[in-house]
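Quick mapping for you: the protein sequence lines, in order, are chains C, W and V.
Position one of the first sequence corresponds to residue 1 (the working numbering), numbered consecutively onward.
Position one of the second sequence corresponds to residue 1 (the working numbering), numbered consecutively onward.
Position one of the third sequence corresponds to residue 1 (the working numbering), numbered consecutively onward.
Derived from the structure by calculation, the hints contain no laboratory data.
Some hints here could point you the wrong way.
[Claimed, not checked] In silico DSS-like pairs for lysine-lysine, Cα to Cα no more than 30 Å straight-line:
(1) W:129 / V:289
(2) C:446 / V:73
(3) C:217 / V:73
(4) C:69 / C:149
(5) W:129 / C:555
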Amino acid sequence: MRKRMKTTAAVLALTLLTAALAGCGDQGGQSSSDSGQSSGQSQASNEKSSDESQPSDQGQPAQSGEVHKLTILGPDPGNQFIKYEEREEYEVWQALQDMLAENGLELEIEAVPQDQYTVMIQTRMSSNSLPDIVNVSPIDDASLIAMGKQGTIQELSGLIGQYSNGNIERMYKEKYNTGYPLIQTSEGEIYWLTNLHKGNTYEGKEVVQGLGIQIRKDWLDKANLEMPETLEDFTNAIHTFREMDVNGNGQQDEIILVDCQTFANGLAQVFGLGNGIVALDTANGKIVSPWYQDHVKDYFAYVNQLIQDGIIDSATVGSTDLQNQRLADNLVGSWYAYDGATYLDAYVTNGTEGVDYEPVFTLTDAAEGCVPWKEVETSQLVWDRYCITKACTDLEGVVKFLDMIYSEEYSDILTWGIEGKDFEVRDGMKVSLINSMTNEEKGAAKRSSGSPLWGGLLPRVQTSVDYPTKEAWEEQQRTENKSELKIQALEKSVDYKEWCPLMLDNFLAMATDEENETINRVQTGIQTYSDELCIKLAQGTASLDDFDSYLEELKELGLDELIAVQQARYDRFVQSRN
Amino acid sequence: MRVREKTGRPGGMKRKKGYRKKVSWREQWELMLIMLPAFALIFIFCYIPMYGIVIAFQEYVPGAPMIAFDGSTKWVGLKHFMDFISSRTFPRLIRNTLVLNGLNLLFGFSIPILFALILNEVKLSRYKKIVQTASYLPYFISTVIVAGMVLSFLDTNGLVNTVRKMMGLSVKAFNMDPKAFPAIYTVTNVWKSFGWDSILYLSAMSSIDMNLYEAAKMDGANRAQQMWYITIPSIKPTIMLLLIFAIGGMLGTNTDLILLLYNPATYETADVIGTYVYRDSLLGGRFSFGTAVGLFTSVLNFTLVFIANKVSAKVADYSLW
Amino acid sequence: MAKNTQIKSHVKNGSRAFDVFCVLFCGMVCLVTLYPMYYVFIMSVSAPEAVNSMSVFLFPKGFQLDSYAILFKDSQMWRAYGNTIIYTVSSTLLILITSVLGAYPLTVSGLRGRKFFVTFLLIPMYFGGGLIPSFLLINKLGLYATRWAIILPSAFNIWNMILVRTFFSGLPEELRESARMDGAGHLRILFQIFLPISKAVLAVVSIYSIVGMWNSWFNAQVYLPSVDLQPLQMYLKRVLVQMSVDLSKLNSTEIADAVEKMFSATQLKYSMIIFTTLPIIFTYPFFQKYFIKGVMVGSLKG
């Protein structure tokens, strides 16, 4: 009997002890983990200061010459080699600190690992322990506007007008002239600022990043074929690969990878189709859906034929693992990627030498009277969202911070690093001295630009170089290991007229409440149906003869409404841009 | 059988229906104090946050107050429910959910019992331990890896197709065939959890009185009869308990596994409520909708538990409460 | 006499055949379940190229322990390991206590409001307020970003309570009655009479709690923003998630980094599975002795 009591007592004691240790250990953990400005402690001080929401507690009274203390919450960029935890060892971080000090700013940064950021931000935004500035990218536009109307985040245009020294406006209106329409609501309010990116230009033309089919140049060489220019050339090439067993393993297993469940796979664009359930026909300023376009049936017939021939291995659809496996085994003759991408070759890990994927740019004559489209990532990009929460009382300080971000100096250290060490200015153009190093080397040498180190925590404003001549730009591209064919493909994209943007959202003004209503209601249903139908038509389990009934179903699901809504948004975008 | 009464009924059967003498207030107080730590924790961490259910009836955004009387919450009543039920994919979602769960119930419920029964009969103790440990290993392999393995086995040059080739059959892309999906899902699910699920049954079997078996042997019962008349009835309460809860899970699925195994080609049989809500949530800002769907399935599940309990009380004399 | 012998040998033969069948069946089960674990193991020690081509089936191809080396050197992983052990031990002990305390009164047949209490237990299993109210609660209690945010909500488990209750209900009423006649209070009955004979169910509850806590990551994801306090599963998830980034959603400035991360994580995931799973697999054998047939019953008599 007594033994039982003793055991019970022992168990209870043990539990309490463990729990107490756990609690205590956590205190120790907090204080020892803090090197500089992350997590635990700043969180605690955050809660204290923001819960009070007394102006006297937070920051200093708004006078120039005073130091403004601001708290920021954002995702840890999580770069493998250039680690945020080691930021104190990087000169470029020091440069950032100097810049902040110059502007009278002090930042307390809370960095949360990226993979849990989405969940975390949704819950934090509903609580009262908010920092001054937050990266709210995982939350969608409509929710943010609602939060703005409710007061959780602050409206910015008034603040900018009142305190800004003009940097922000300059960036959004002059340098990145597509910026403002994308962050203003239909009533002209601004609730968040974004990352801005502008690509290089040469001779005044913006260099864009095209996407499309990349084919194995080394296999073409082995088969004595030229780079395919028409669809027929391409079909011929991929069949020849298989027939002559160009990968030399004794089996006719050469395939190509095409993502059949979507229209964004390079091949659909060859048939003049858009790159999503709705897409922008930029040449005509119209929102269209591939389902209504001219050659959609020809496209499916073609893909179906390739699947029948076994050239497209349909088992790979939807499974990255299997796709990677095919690539690793040196089976893939063509694939879809950015035209300038140089990383594709690294996927082949079975020891083959001379692997060389090169972009095709586009293929003509897919069908009678067919004009191929090119999917393009425009030079100017707007993405991510940073907003100011209701917890921020030092409004002047915050705008000063934003002015600093949207300035040339910050943009330089973010994109390039430190002048003289990481980049140089030659003939009026910026030339990077560290771009040829791999990330691993950069991490070891502790030299880097700001972007991989803290990008995402603070807004990214990425500048580029304006090359006076095409040749100068080409030189630069060659130092980045881009082959001639890739450079040519990039050049062709600059002048190509029939293109559709990769990021449709960069061309749509913000939706009104009713428009959001419609989008939320119909989007998932249409996407599900469209994805399924794409695969079924490709596989042949759905017949092209019943195409009209499919269109009927899409109409029932609301495709026309969706097109109308996106068209209205596009029109508004164009208006406010001009 | 008197032997049985003496050593007790290993289960939770009701003893007397009808009137039960109530305890004294002092005893009541004593008992409630004993319950207090556990129930207090449940109250704090389960009941207090329950008010969040109301966002199913609102258009909620993070930061908005969930319950306010000044008009700052946007109530939309049953809108989300109606949106969900009247959407064109709804019938398919319900059908797939029920089918996949039905299969899981049929196989995933009976196999652990079968396995436990057979393992219980094995006398070699070391062998038994090895088999037992091996059987629950799959439970620990994370779903992501399991799905990767399954896809690679079903691949056109994977294990299954290699065997098919050897038998002279054509190579088939199983992961693209909607007809194959329910089988793939069920087999994977059962394989992953049967060992783990059998632990409870084995534990219940271990407390059966050996004398019962002796007595039965002397009456001439063979092994199968012993199993049927002694082992199974002895673990009946456990079986009923788990069965009731399994039925109460008919509208939830192992969504993670489905997300990893499916693709648009198999939506027809693979798209369930959980996966649809997941894709929808990627649009962003769909808090209220997700909660509404969750509430919808919870209500249905709870109803099922209730019904299952009543049936179990009548038929098998076992009831939760 | 003769008849008896006949019957006995009949039973014996049938019994032997049955035994053989059982052994074979279990052997098959063993193969089917051992192979995948074996597969994970050989993937973790094979050369990266073989892993990428998924050509490893029966034997490892190329032998390397690099991925394990990377793991061992990563101090973050050891910290996560330590955290998981802390969480697992504390939550298991707490769950054992709360399950037993919560379940016992529900088995006293005269308890007033018994139906109410059982319903009170069942409702949270089906209805919950969702992520945000729970978060607000944890925040309000001041538990955010501390270990308690993980330990306290895991200090109880309703399913385990129901299991214990089911088990207690099956114990003979005579035990309790005779103890009360001796003047024992309920607490004493619980600890001195019920608990000692409940080893089987307590073992089950322990295993469920240990494994449940070992595998859990959701609470950590929401309530622990800093890596120091995070458990092992979060560490594992981080690597696995990095591998499945949807490349089509990134713009050209982000894609090169994402691809790099993806490549490096491929091999690591297998070694991580082995490393993080091994300890937990061995908890069951530890508890197995409570499950052996016939061990328990002796104490029930008299």
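Quiz item: Hey, residue 446 of chain C versus residue 73 of chain V, does the alpha-carbon distance stay inside 30 Å?
Solution: holds, 20 Å
Quiz item: CA of residue 129 of chain W to CA of residue 555 of chain C, is that 30 Å or under?
Solution: violated, 61 Å
Quiz item: Within 30 Å, alpha carbon to alpha carbon, are residue 129 of chain W and residue 289 of chain V?
Solution: Judged against 30 Å, a Cα distance of about 10 Å means the pair holds.
Practice problem: Would you mind confirming whether the straight-line C-alpha gap from residue 217 of chain C to residue 73 of chain V stays at or under 30 Å? | Solution: violated, 41 Å
Quiz item: Taking only the CA atoms, is the gap from residue 69 of chain C to residue 149 of chain C under or equal to 30 Å?
Solution: Holds. Residue 69 of chain C to residue 149 of chain C sits at ~26 Å (cutoff 30 Å).
Consistency with the previously given hints fails for numbers 3 and 5, ordered from lowest to highest.
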